[in-house]
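Going down the list, the sequences are from chains S and Y. Using the numbering used here, the first residue of the first sequence is number 241, and each one after it goes up by one. Using the numbering used here, the first residue of the second sequence is number 241, and each one after it goes up by one.
Honestly, I wouldn't trust all of these hints.
Since the list can't tell identical chains apart, any single copy or any two copies may satisfy a pair.
[Unchecked claim] In the DSBU-like style, the derived pairs of lysine-lysine whose C-alpha atoms are separated by at most 30 Å in a straight line are: (1) K357 to K271; (2) K279 to K320; (3) K357 to K336; (4) K279 to K341.
Everything labelled a hint here was simulated from the structure, so no lab data went into it.
Number of protein chains: 2
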Amino acid sequence: MNNNAFTPTEIDTVYRVIAERRDMRHFCGGKVPHDTLMKLLGAAHHAPSVGLMQPWRFIRIQNPQLREAIYDAVQAERIKTANALHEREDEFMRLKVEGVKDCAELIVVALMDQREKHVFGRRTLPQMDLASASCAIQNLWLAARAEGLGMGWVSLFDPEQLMHLLNMPRGSLPIAILCLGPVAEFYPRPMLETEQWATRKDLDELIMHDGWHD
Amino acid sequence: MNNNAFTPTEIDTVYRVIAERRDMRHFCGGKVPHDTLMKLLGAAHHAPSVGLMQPWRFIRIQNPQLREAIYDAVQAERIKTANALHEREDEFMRLKVEGVKDCAELIVVALMDQREKHVFGRRTLPQMDLASASCAIQNLWLAARAEGLGMGWVSLFDPEQLMHLLNMPRGSLPIAILCLGPVAEFYPRPMLETEQWATRKDLDELIMHDGWHD
Numbered sequence: 241m242n243n244n245a246f247t248p249t250e251i252d253t254v255y256r257v258i259a260e261r262r263d264m265r266h267f268c269g270g271k272v273p274h275d276t277l278m279k280l281l282g283a284a285h286h287a288p289s290v291g292l293m294q295p296w297r298f299i300r301i302q303n304p305q306l307r308e309a310i311y312d313a314v315q316a317e318r319i320k321t322a323n324a325l326h327e328r329e330d331e332f333m334r335l336k337v338e339g340v341k342d343c344a345e346l347i348v349v350a351l352m353d354q355r356e357k358h359v360f361g362r363r364t365l366p367q368m369d370l371a372s373a374s375c376a377i378q379n380l381w382l383a384a385r386a387e388g389l390g391m392g393w394v395s396l397f398d399p400e401q402l403m404h405l406l407n408m409p410r411g412s413l414p415i416a417i418l419c420l421g422p423v424a425e426f427y428p429r430p431m432l433e434t435e436q437w438a439t440r441k442d443l444d445e446l447i448m449h450d451g452w453h454d
Numbered sequence: 241m242n243n244n245a246f247t248p249t250e251i252d253t254v255y256r257v258i259a260e261r262r263d264m265r266h267f268c269g270g271k272v273p274h275d276t277l278m279k280l281l282g283a284a285h286h287a288p289s290v291g292l293m294q295p296w297r298f299i300r301i302q303n304p305q306l307r308e309a310i311y312d313a314v315q316a317e318r319i320k321t322a323n324a325l326h327e328r329e330d331e332f333m334r335l336k337v338e339g340v341k342d343c344a345e346l347i348v349v350a351l352m353d354q355r356e357k358h359v360f361g362r363r364t365l366p367q368m369d370l371a372s373a374s375c376a377i378q379n380l381w382l383a384a385r386a387e388g389l390g391m392g393w394v395s396l397f398d399p400e401q402l403m404h405l406l407n408m409p410r411g412s413l414p415i416a417i418l419c420l421g422p423v424a425e426f427y428p429r430p431m432l433e434t435e436q437w438a439t440r441k442d443l444d445e446l447i448m449h450d451g452w453h454d
């Protein structure tokens, strides 16, 4: 029937990589080979985008002082977030929430500038460019997991501060600090589940029929 | 080294499903078996989410009148978008932009209500819940492609109107009308590329080092 059908074994592999991908915060240094990095970014660039906008931009951080400055920015936001969490402040501060210093590769993902030109699929929902870029990051994440590389998406930062550090133009927006690289092992379950920050919902609770119901 | 390493063949399969996934607008009716639909939604639910928030909700549309009303809402927005595109209006109107009537399954994906309680990773970037839900949709998309099912993400709608149609609570937000189901064939390239709406950018153009540069 379909062209290029996937075999049952291949289908299982796709479900497996989806199930075994983790948001990693523990890295063990090392390197990501250049060819692998390009394949991973190529996977990201195969994402769907609203009106074929391709809004994603990747800023690879190689300067150690810049990595240090990004680390400091994340730490500052981590403390502000902890304060905003009130009674869960101490619990939050005990969690490892990023691997900025330990990961092999640090990549900032940003939305392009001049996004206002793109109206297709965004007239009523301008945030669809973020949706597209998030699909790209998920592609990268899955490809990295297949390659045996861990990745974490850090969103603990002040976007204005990161824009300043990276000399980003008005209209662009950093959406992710990606920590990428070799890991000693993948968490068997999401770390925030193991650490009892939150529990996993039953799928049945998330599905409704013909309208919203609680 | 890593637990649960993927073999080279399995790695290729992951890259292949990423490369062969398409945003489909042409469907050929039929059905999605219930078990398959649950596996696909399970794949979505395996997405990462900011602070393990799991903000995604899935509303399966089974009532034919409701599907018709959603179709009408998409058509209304399609015309408004065409008008807003000015000189590209006619070109846009010639594109097939949705498969709402022809797809086997219609699923509205929404962000949950009461999102303001979730501060972890969202203090400065509250839109990270949309990012998480988009990762979930990308998982679903890839799993569907592996299963030989097409999917399209329609964002041509007025969210207020859809919220009214689906009796959605204040604070929730519909982000996608997903068209899912059997297709005669998958587009060999993104349809908007084939139709010359936009061209695919070179990956090299999207990668920068240590800061923004044009």
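Hint-by-hint comparison with the structure:
1. K357 to K271: Neither way: K357 and K271 sit 38 Å apart in one copy and 38 Å across, limit 30 Å.
2. K279 to K320: This pair counts as neither: shortest intra-copy Cα distance 36 Å, inter-copy 39 Å.
3. K357 to K336: between (40 Å within a copy, 21 Å between copies)
4. K279 to K341: Answer is within: at 23 Å inside a copy they meet the 30 Å cutoff, but 37 Å across does not.
Going through the hint list in order, the structure does not satisfy hints 1 and 2.
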